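Single-letter residue listing:
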Amino acid sequence: MLLEVNNVTKQYDIDGQILKAVDAVSLTADKAEMLSVVGHSGSGKTTLLSLMGGLTRPDTGTVIIDGIDLWALRDNQRSELRNRRMSFIYQFSSLIPTLTAIENIILPTAFGTFGADREEYAKELLGIVGLADKARAYPSHLSGGQQRRIAIARAFINDPEIVLADEPTGDLDEQSEAEIIRLFHRMNREKAVTFIIVTHNREIAGQTARQLRMTNGVLGSSGVNSSLMKK
Amino acid sequence: MTKIGIPGLAFRNLRRKVVRTVILLFTVAVVTGTLLGATAFITGMQNALKIGTYRLGADVLVVPEKNEAQAKSALLAGEPTSFYMDRGVVEKVKHVEGVKRASPQLFLKPTSFTCCYNVDAFLVAFDPASDFTISPWLEKRLKKPLADSEVIVGSSLPVVAGDTLPFFGTPFTVAGTMEPTGMKFFDQSVFMTMNSAYLMAENSKTKSMQSLELERDRISAVLVQVREGFTPQRIAIRIEHDVEGVKAIASDEVISTVRRQLSGLLKGIIGISAIVWILALLMMGFAFYMIVNERQRELGLLRAMGAKRRQIFGLIMTEAVFLSFAGGIVGIAVGSGLLYFFKGIIIRELKLPYLLPSYGVLFELVVGSLLFAMITGILSSLLPAAGASRMDPYEAVRKGE
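Keeping their order, the protein sequence lines are chains S and H.
Numbering that gives the first Met the number 0 puts the first residue of the first sequence at 0, with every later residue one more than the last.
Numbering that gives the first Met the number 0 puts the first residue of the second sequence at 0, with every later residue one more than the last.
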């Protein structure tokens, strides 16, 4: 078991009213599993993703990555774990505007110790997302779709074990969307990366082995795609 | 080679908002320039005071009672003046208990047309037989007694050894130039023997358009050195008690007069510098709060990529250090330039002695100002940087949306 979420709750006090963004959610994900969480806007999907990534502390419950309780770690150790073992893909443009495409991809390596091969790998990732000729381009000179693809390339620079993707193909045209999903499958197959994809796009969810549905902070099973299940 | 680290990221961030960066840089520059200017100015005055009083070489200056103000103004501001008293005062002063040595001097104010140079030269005549203030310098530097046809000039006068200077119709040869002291009394004076002064006065009746009325029994002041175990103030009181019609000015009284003037000035400068510094600190602090606030999402993203708290803290602090270092350099350059170009005007207006500090001291002031600039930058960004590093990454990403 690579990821284990046990009875996690996260609530917010909004003008004296308690809002449960995530309500007693439990889920597990195996290594190289690909699962999706579907639900309407405001259903708590993004909060759940942040809880799984150790970006915010749950009010109750535990998040365990490969046997390590995320919130039993010190902040530095949690940062290191994020830097070495996981990546996030956001639904908005998450590039640093002052850095070029290649610098954006290589940026996570600035926060940890990585081998000298990362630059070559960054170029390879640029090629994989079809933007090899845009290495020196700044985000302001790239289209929204191109920026999204650079951000996706960045998510693989640290060879993560888990990728937490929040609406990764939002705003992309169908062709780009298909390419991105193909890339996810390739990384899943070749590098055994576990994907947890938050989406409201049923088509994308349909391409993951397991789909979970989130409603008002509560998680329920939606379906299993047996043809995509790991043998 | 593509490599990006915290310093590179900080540098790119500063380049992102050029106008804001320039304004912050200018703020640091103003603080640094003010500090450097103020400290260099005060150090220069203290330097001049120290060297000047050392050069004066006397513990007490005895002048005619009614000319105390003129004598002080001559010593402090180098304003040429003439006043006389009877030579007999020297012997009377020598007999006062606690007086080790006493030597007369003459202060003469030359008429403007007597010298071909447009400088307020001040004539000071000394008695080589009893002098203990100028003669030691002559022995060391000139290595011969000063002839009656020769003069020694202060460093501000635009003449060199060998030049001829006419005073009251008598030409004098410049035998040497004294090193600068920062005090006009020395730097703009022409020193000659008392015999030369009396001869010049006699000659002036036939050779000068304006004669100098000076009898051989007249002197302007008596310079006194006190015995060990006596304080200049105590001897000054005794002289005033024992010798009628004189005012005895202790050298520390001269210093304290300047110190009083300096102290007021110092308080003003410190007050203005403190206000400028506090304003700069607040302005920069506010700017860094804005920087952190508008970059919340970015900082949250960096945390999501695995940046540690100290790396986020370091990023903001590095920006502050870059900014304050560059601002400090600009401030030092501008401050030094302004001080250099306006030094003359300031000294003229304030009527205080000034001598540029040595290069070693100036270097210390420059390094000190630069450190101060960087401390200002660091202090102003400390709280915003700490706040940025403590942000919940998820909240940072969400609020930045």
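Just so you know, the hints here were simulated from the structure itself, not pulled from any lab data.
One thing to keep in mind: the hints can contain errors.
One-sided and incomplete, this derived list gives chain H residues near chain S with beta-carbon spacing under 7 Å [to be verified]:
#1 Ala9
#2 Arg11
#3 Ser129
#4 Asp130
#5 Leu300
#6 Ala303
#7 Met304
#8 Ala306
#9 Lys307
#10 Arg389
#11 Met390
#12 Pro392
For lysine-lysine, the following PhoX-like pairs were computed, each having C-alpha atoms within a straight-line distance of at most 25 Å [what the hints assert, rightly or not]:
#13 Lys122/S / Lys2/H
#14 Lys108/H / Lys133/S
#15 Lys91/H / Lys342/H
#16 Lys266/H / Lys342/H
#17 Lys71/H / Lys91/H
#18 Lys99/H / Lys2/H
#19 Lys133/S / Lys30/S
#20 Lys19/S / Lys246/H
#21 Lys71/H / Lys16/H
Some residues of chain S that are not near chain H, with every Cβ distance over 10 Å (derived) [as the list claims (entries may be wrong)]:
#22 Asp74
#23 Pro96
#24 Thr97
#25 Ile105
#26 Leu106
#27 Pro107
#28 Ala109
#29 Glu173
#30 Ala177
#31 Glu178
#32 Glu189
#33 Ala191
Because the structure is a prediction, the values reported are computed rather than measured.
The C-beta atom is built at its ideal place from N, Cα and C for all residues, glycine as well.
Practice task
Mind checking the alpha carbons of Lys266/H and Lys342/H for me, to see if they're no more than 25 Å apart?
Solution key: holds, 20 Å
Exercise for the section: Identify whether the interface hint at Asp130/H stands, where standing means a beta carbon of chain S within less than 7 Å of its own. Expected result: The hint is violated - Asp130/H has no Cβ within 7 Å of chain S, the shortest such distance being about 73 Å.
Practice task
Decide if the proposed pair is consistent with the structure: Lys19/S and Lys246/H, CA atoms, cutoff 25 Å inclusive.
Solution key: violated, 91 Å
Practice task
With chain S as the partner, please determine if Ala303/H meets the hint condition of a C-beta pair closer than 7 Å.
Solution key: This interface hint holds because 5 Å falls under the 7 Å limit.
Exercise for the section: Sort out whether Lys2/H lies within 25 Å of Lys122/S, counting only the CA atoms. Expected result: With a Cα-Cα distance of about 13 Å, the restraint between Lys122/S and Lys2/H holds, given a limit of 25 Å.
Handout entry: Leu300/H as an interface hint toward chain S, with CB separation required under 7 Å
Key = Holds: closest Cβ of chain S sits about 5 Å from Leu300/H, inside 7 Å.
Problem - Hint consistency between Lys108/H and Lys133/S [alpha-carbon to alpha-carbon, up to 25 Å] - result: violated, 82 Å
Practice task
Please confirm whether Ala177/S is truly not at the interface, meaning its C-beta sits more than 10 Å away from all C-beta atoms of chain H.
Solution key: holds, 26 Å
Handout entry: Evaluation of the interface hint that places Ser129/H against chain S, nearest CB under 7 Å
Key = violated, 78 Å
Problem - Least C-beta distance from Pro96/S to chain H larger than 10 Å - result: violated, 7 Å
Practice task
Would you settle whether the hint for Ala9/H is holds or violated, based on the nearest Cβ-Cβ distance to chain S being less than 7 Å?
Solution key: violated, 10 Å
Problem - Straight-line alpha-carbon gap Lys71/H to Lys91/H, limit 25 Å - result: holds, 22 Å
In the structure shown, a violation is registered for the earlier hints numbered 1, 3, 4, 10, 11, 14, 15, 18, 19, 20, 21, 22, 23, 24, 25, 26, 27, 28, in ascending order.
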